[in-house]
Amino acid sequence: MTEVPIAQTILEQAKAGTLANLVGERFGRLDGAEFDAAVAACVDLHNAGQIDFVGLVHEPAFKVLHSSYFFFAQHVFVAAIPALSTSLDAMLTCVDALVAQAGQDQMAGQPLGPLGAWLRADQARALELVTKAEAGEQPAMNHYFHGLVAAADIARARQAAETFDDQRRLAAVSALGEIAHDPEGTAFSFDLFSRLHEAHRSNDHLHAALVSACVSLVGHNPSAAESARALCAVLVEEAGPQTIYCCARVIWRQKHVRTDADLTEILLPPLLRVAPEHKGTIREIDAALSTLMRAGKQKLVIDFVTKLLSAPDCALALEEFQMFSNALEKSEHLPATLVAWLRSAAPALCSGAVSLHGGDDLAGQIVSLPSEAVAMPANEQAFVCRKAVAYFFFQPVTAASILVSFLRSCDAEAREEITGLLFMPLLQNYGGGPRDYLEGLDDKDPAHAAVVEALAENRRYMEGLTKGDDIRELAPSEHQRLVAHMRQRDEATQTFKAAREQSVLRHFVKNSTILYGRSSLNYFGGAGGRRAVETELQPHSVSMELPRMLVVDPLGLEYLLWRFRNEELEA
Amino acid sequence: MKLIIREYLASLREREELDAILPVLVSELGYTVFSSPQRGTRQHGVDVAAVGDHNGERKVFLFTIKKGDLTRQDWNGDVQAVRPSLEEIEDVYIPTKIPPGYKDLKVVIVICFGGEVREAVRAELTGYTTRKTTDTLSFEEWNGDVLASHLLAGVLREEVLPKAWRSSFQKAVALLDEPDASYRHFATLLRQMDISASAPAKDRVRAARQIYLSLWIMYVWARDVGNLEAPYRASELAVLHAWELVKPEIGASTEAGEALATVLVQLINVHQSIASGLIDEKITPLASSRHALSVAVGSRNPVDVNLKLFEALGRLAMLGMWHAWSAGIGDEAHKEKSMKAAQERFDKGVAMIRSNPHLLLPVCDSQATDVALFLVLWLTAGGDRAGVVYWLTSMAQRLNFGVRTRSAYPITSNDYRDLLLHPKDKSDEYFKQNTAGSTLIPLLTAWLSGMAEAEASDALGKLAREKLEHCTMQLWLPDESSDQHLYLNTSTHGRGLTDLDVADGSGLISTIAAAVDEKRDCTALSAFQTGNWPIILLACRHWRLPVPPDFWISALSPDAADNPTDGAPDEDAS
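Chains A and B, in that order, are what the protein sequence lines are.
Quick note, the first sequence lines up with residues 19 to 589 if you use the working numbering.
Quick note, the second sequence lines up with residues 8 to 581 if you use the working numbering.
Derived by calculation from the structure, the hints in this document are not laboratory data.
Where hints are given, some of them may not hold.
Quick list of in silico lysine-lysine cross-link-like pairs, DSSO-like style, CA-CA up to 30 Å [unchecked claim]:
#1 K347(B) / K485(A)
#2 K289(B) / K254(B)
#3 K431(B) / K515(A)
#4 K209(B) / K113(B)
#5 K433(B) / K515(A)
#6 K170(B) / K209(B)
Partial list, derived from the structure: chain A residues whose beta carbon lies under 8 Å from chain B [as the list claims (entries may be wrong)]:
#7 D209
#8 G482
#9 I489
#10 P494
#11 E496
#12 L568
#13 D571
#14 P572
#15 Y577
#16 L579
Backbone N, C-alpha and C fix where the C-beta goes; we use that ideal spot for every residue, glycine too.
Using the sequences and the hints given, assemble the complete structure.
So this is what it looks like as structure tokens:
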């Protein structure tokens with residue numbers, strides 16, 4: 019859409035009760051000058067009293083906007099809020115409605131930023147908010163923090179922190195972190211923070227706010243770093259869920275933390291105590307870890323994750339730390355981390371190693387480990403290889419390449435076992451990917467001789483396997499084949515259904531089922547502008563090789579993998 | 008029908024195979040067989056000798072048998088050829104071997120072959136018989152067509168094999184490559200015959216011969232098709248039906264009893280031939296190649312592999328036990344040969360187990376029958392103790408793992424759908440429902456305990472205590488109604504020996520031994536009483552009944568002479 023909406027259109031839609039759709043479905047998709055013009059038109063018409071743009075969020079049509087259209091509309095509001103003329107209460111209820119309708123989405127808090135700008139644009143608004151909040155009025159109480167920050171009244175904030183014992187104290191402490199202080203004022207605030215901590219030793223919410231405020235204050239006044247570290251160290255000693263969340267958040271939000279190694283070392287350890295069900299905190303930790311990875315603290319972060327995921331009964335998985343994983347995949351520490359994690363035998367780390375080496379090829383990607391990564395005693399090399407086999411069993415090329423990496427640097431003792439693992443279970447199970455990879459190894463490769471042995475063993479096995487054709491007397495009956503076929507078809511139907519339900523395209527595309535032909539022909543538009551679109555159909559398929567043992571020895575395979583996965587490295 | 012029979016006759020591979028059916032055919036034609044040499048031997052050119060009416064005159068018939076078509080080579084190629092045989096009959100048999108009572112009767116020499124006379128030899132044959140024909144000696148040709156006509160006029164004539172029966176039989180032959188259907192039609196045929204114990208002995212003899220011939224025809228056709236599955240199952244059923252026909256004659260020394268016993272032995276021989284064709288020629292050659300038999304099932308479903316391999320092991324065990332059983336018949340050399348054959352089957356079975364891990368744990372409890380059969384074979388034939396220990400301890404280990412992880416463990420249901428979907432989930436409800444009872448666990452525990460494998464035995468006891476409290480541990484014993492119903496599975500019979508305490512291995516053995524000692528219904532079974540004990544095991548295998556502990560418990564007692572803890576069991580254990 020290229021046409022800039024005109025005020026007339028907005029007025030007509032407002033009159034018709036469809037302004038919410040216009041804002042969500044059309045304005046939100048615009049960009050650049052067109053978007054600015056649409057926002058300006060809404061603001062002008064509102065400020066001129068011709069429409070109630072702030073009240074739009076309470077209309078039924080707005081409440082039922084599809085989630086994607088809602089976020090387009092929210093985008094328009096975020097741009098418009100600072101320029102809207104309206105009462106404090108109307109603005110606050112508008113912002114609250116936008117935040118509430120966004121639900122648990124990470125973008126939910128987007129309107130709060132413009133609210134601060136709206137308050138700062140007119141100090142009277144900030145003062146009104148602060149006054150109402152201190153009087154206990156809603157919705158002002160919920161935005162006390164924004165009011166105090168906009169008013170930039172340090173004394174009032176300190177007083178509130180000492181006076182109130184509800185959410186306003188937290189808002190006041192947080193606001194103190196956001197308001198710029200001079201050095202003297204900073205010291206004064208730190209004294210206040212210490213007193214609050216002393217007085218409320220088991221108040222997790224308060225401790226979280228104090229951590230946040232301490233770290234933020236250092237951002238304004240670096241000379242306070244020592245005081246911040248000292249207080250934070252005390253605050254995190256018995257960190258509860260809120261403090262943990264806050265520690266993670268400040269690491270990625272406050273740039274100076276990344277360069278302050280001492281502060282990082284204070285803020286990271288409490289994160290080890292995160293509860294697996296606190297998904298929001300885990301997302302914050304992920305953001306913190308990836309931030310630190312980018313800041314060059316890779317070893318520190320990898321050690322942290324290793325410790326986190328190797329805890330006994332760890333219920334976390336590396337997949338929950340997607341940003342960190344992305345950073346680690348690009349890191350030079352990846353090979354050593356892979357080996358260390360397999361060697362640790364911790365299930366979450368070993369599974370994490372697998373998730374890091376997914377790739378597009380279902381048979382797995384080739385991993386080449388440098389000699390320093392595999393340098394360890396023979397029994398440990400064999401141990402790591404067994405773990406690699408167990409965890410990378412369904413990405414057999416990856417498993418084989420890890421084993422080959424060890425074969426390049428191992429002694430005779432480990433060589434025999436690792437060669438054996440190449441044959442059984444890898445080659446014995448997979449006739450495709452791993453064999454092709456191993457056969458393709460250069461004959462100058464240090465692992466070549468061992469690989470040749472394993473391939474020869476496999477050839478002997480395959481010759482024995484194909485000695486006889488199918489024995490007709492052993493064939494399942496027609497009835498059994500029919501039952502098995504029906505079951506397979508049911509499974510395929512279920513899988514297809516599940517895949518469709520999980521598809522991200524489901525909400526954006528129209529579904530058509532073509533019964534015959536190899537292309538589809540559609541006509542759009544009316545008689546005058548009718549045009550045809552012909553879509554060629556293309557086959558799409560994926561295939562993967564199933565391990566042979568799933569048929570000839572499923573329980574044996576399960577037991578072998580279970581044993582390899584559960585064994586511990588002998589001291 | 009005639010075409011089926013002609014094809015069958017033409018497809019007989021060995022002279023002995025025609026030899027095997029000729030006495031039945033001749034008897035049903037009304038002749039009295041006075042010489043029916045053992046398989047594979049020929050008495051001065053004569054394979055079968057009989058006396059009967061021919062054109063209103065009583066004559067001696069001397070049959071010389073040749074498989075397939077009569078070629079120049081068969082006519083006069085070597086000492087086994089037809090012409091030397093005819094000369095031997097004339098020179099030796101007629102003057103010296105015809106019983107004195109028949110000495111004065113005219114002689115008809117019947118040249119009998121499954122196929123036809125080739126043109127190249129026709130003139131020589133006609134010339135020879137014309138030249139040799141006298142007032143007292145004549146010649147006849149019974150080629151495939153004549154034999155088929157005689158069969159249809161005799162044992163398979165319409166009055167005794169009505170159209171409906173023929174239809175079932177023809178379907179059984181036509182559907183050999185769909186063994187389930189073929190077996191179903193064969194079973195229908197046997198049911199249609201429905202010869203009760205109270206039927207006249209003559210009818211029962213005829214029915215037994217019909218079963219025998221039908222099975223033979225089916226077997227030969229199946230052999231050509233390359234699929235022995237249907238005749239294997241049919242042969243088990245045929246033996247069991249024949250036993251029901253023999254039962255009324257037990258203890259009575261009658262002509263019919265002898266005739267029935269002869270047919271029973273012939274049926275057992277055919278059953279063994281079929282079993283050997285399947286086991287020795289197809290299964291055991293792959294026994295030592297790792298996973299080869301598993302792959303030879305040709306299915307992507309592990310359940311299929313498991314079911315088929317345990318089935319094959321049970322059949323192999325039965326074949327071995329038939330050999331061991333036949334050791335009791337004949338001279339010392341035969342005994343030695345038979346026991347060696349039984350031991351070889353056991354060794355092949357161990358090789359199968361070692362090469363095919365599916366045999367290290369059944370998917371359903373009813374496969375405990377196959378497990379028990381193989382153990383009884385070991386007791387009967389002897390062999391590698393280490394192989395049995397490996398098998399039993401591996402089963403215990405896998406059972407332990409499967410139950411504790413609720414991944415793959417034997418379930419009570421035999422339904423293929425249930426097996427295919429197992430485990431549907433890991434819920435307590437599903438687990439308890441599918442492990443409500445077990446004969447496998449008491450069997451394994453008793454054997455492990457009896458073989459002093461305390462660690463594995465204790466592990467099963469612990470497993471039962473911790474995870475299978477809801478499971479009724481049991482074995483099966485025949486009762487007083489079993490002899491009536493066991494062989495043809497006509498009704499539910501027997502008794503469950505229940506609530507066995509598998510936590511105490513030696514106590515378990517004592518309990519089982521006491522029950523077996525007190526309830527002696529197994530040893531009272533007619534097949535047991537007459538020394539035909541493999542028929543009981545055959546019935547258990549065929550109808551998927553547990554093997555009665557009577558067959559193995561005494562060997563597990565601490566004071567048993569052949570206690571397996573001491574090493575290989577004695578050859579005479581059974």
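Hints, one by one, checked against the model:
For the given pair, K347(B) sits about 27 Å from K485(A) by alpha-carbon distance, which is consistent with the 30 Å threshold. Between K289(B) and K254(B) the alpha-carbon distance is near 34 Å, which puts this suggested pair outside the 30 Å criterion. Simply put, K431(B) and K515(A) have alpha-carbon atoms about 19 Å apart, close enough for the 30 Å limit, and the pair holds. Between the alpha carbons of K209(B) and K113(B) the distance comes to roughly 29 Å, so the proposed pair stays at or under 30 Å and holds.
Taking the CA atoms of K433(B) and K515(A), the gap is near 23 Å; set against the 30 Å cutoff, the hint holds. At most 30 Å may separate the alpha-carbon atoms for a hinted pair to count; K170(B) and K209(B) meet this at roughly 21 Å. About 59 Å separates the beta-carbon of D209(A) from the nearest beta-carbon of chain B, more than 8 Å, and the hint is not met. Below 8 Å, beta-carbon pairs count as interface contacts, and G482(A) has one with chain B at about 4 Å; its hint therefore holds.
With a least beta-carbon distance of about 4 Å to chain B, the hint placing I489(A) at the interface is held under the 8 Å criterion. Interface hint at P494(A): satisfied, since its Cβ lies 4 Å from the closest Cβ of chain B, which is below the 8 Å cut-off. For E496(A), the shortest C-beta to C-beta distance to chain B is roughly 6 Å, which falls under 8 Å, so the interface hint holds. With 8 Å as the threshold, the beta carbon of L568(A) comes within range of chain B, its nearest partner Cβ sitting at about 7 Å, so the hint holds.
Proximity of D571(A) to chain B holds as hinted, the smallest CB-CB distance being about 4 Å (cut-off 8 Å). The beta carbon of P572(A) is positioned within 8 Å of a beta carbon in chain B (closest approach about 5 Å), and the interface hint is therefore held. Residue-level restraint check for Y577(A) holds (minimum Cβ-Cβ distance to chain B is 5 Å; threshold 8 Å). Interface hint status for L579(A): violated, as the beta-carbon distance to the closest one in chain B is roughly 11 Å, over 8 Å.
Figure legend: structure checked against the earlier numbered hints; hints not met, in rising order: 2, 7 and 16.
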